[in-house]
Amino acid sequence: MNVAKPVDETERRRRRLEEEREEEKRLIAGFEQGLRNGDASSVAAQALYEHLSGLLPGMLYRLWRAGELNDHQLRDAVAELWMKNKSPVSGDLSPASGLSKRRWVELFHATDFLTRCEGVPRGEAPVAAALEHVHFEKQPTESLTVYRGEATRTQGRGMSWTLDPACAEKFAIDTILNPETAEPTVFEATVPGRAVLAVFCDEREQEVVVNPKMLVGRAAPV
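Position 193 of the sequence shown, counted from 1, bears residue number 184 in the numbering used here, the numbering being contiguous throughout.
Calculated directly from the structure, the hints in this document are not laboratory data.
Some hints could be false.
As the list claims (entries may be wrong) - In silico BS3-like pairs for lysine-lysine, Cα to Cα no more than 25 Å straight-line:
(1) 204 with 77
(2) 16 with 77
(3) 129 with 16
(4) 129 with 75
(5) 92 with 75
(6) 129 with 161
(7) 75 with 16
(8) 204 with 16
(9) 204 with 129
(10) 204 with 92
(11) 92 with 77
(12) 77 with 161
(13) 161 with 92
Turn these sequences into a full structure, and let the hints guide you.
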């Protein structure tokens, strides 16, 4: 009677890794097709669940440059992939994923101006985190004072800002893993309306996406 030899542990690991790679390829192909189909919300949510959000910005940029997305699909995808991504810009938390600031600016400029407020009723001056949310229907024409919380060494060069200094302070504390080596700081900047690329808000905060080139000489630690 022949007895099957036990599968070597190394071979088991090899097979498991191969299965995981194939599953990731399947998911990525599904994400790409979903963006083509205009289903950016579901794609962004699933990628966040699968810890693959970092792959989407580059995918979106390639599809846009190839002319595979119409204007409506692009606007929806830029908003969803930015809002449902903990680190959409390469170099923020994971330099191997995300998209460069320059290319994000290209995408935002292609959408003209994005504004999306979720769960915040209009016309009743709702208050969130002691801040009355202002609803932007179009790009602001006047200067805005914005805040960003992060490590001191970054010099406030990021794209994501907020109108609420308390919110920025919370981000400063939450994003610094080791305060002894990376001092948390709140930066303040007053930027012209044309520097604002998008405004996203919900019950917790109002995020202002700023063109980083227009922050030079404007951002200062509070």
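What's the verdict on residue 129 and residue 75, does the C-alpha distance respect the 25 Å limit or exceed it? Status holds; Cα separation ~22 Å.
For the pair supplied as a hint, residue 77 and residue 161, confirm whether the alpha-carbon distance does not exceed 25 Å. 15 Å, holds
For a C-alpha distance cap of 25 Å, please report whether residue 204 and residue 129 respect it. Status holds; Cα separation ~21 Å.
Take the C-alpha atoms of residue 204 and residue 77, compute the straight-line distance between them, and say whether it is at most 25 Å. 22 Å, holds
Can the restraint linking residue 129 and residue 161 be considered satisfied, given a maximum Cα separation of 25 Å? 28 Å, violated
Check whether the Cα positions of residue 92 and residue 77 lie no farther apart than 25 Å. 15 Å, holds
Given hint residue 75 paired with residue 92 - CA-CA distance at most 25 Å: Holds, at roughly 17 Å.
Between the alpha carbons of residue 16 and residue 77, is the straight-line distance 25 Å or under? 22 Å, holds
Are residue 204 and residue 92 close enough, with their CA atoms no more than 25 Å apart? 9 Å, holds
Under the criterion that the straight-line Cα-Cα distance not exceed 25 Å, is the pair residue 75, residue 16 satisfied? Measuring from Cα to Cα gives roughly 21 Å; hence the hint holds.
Taken at face value, is the distance from the CA of residue 16 to the CA of residue 129 at most 25 Å? 39 Å, violated
Given the hinted pair residue 204 and residue 16, is their Cα-Cα distance within 25 Å? Violated, at about 36 Å.
When each numbered hint is compared with the structure, violations occur for hints 3, 6 and 8.
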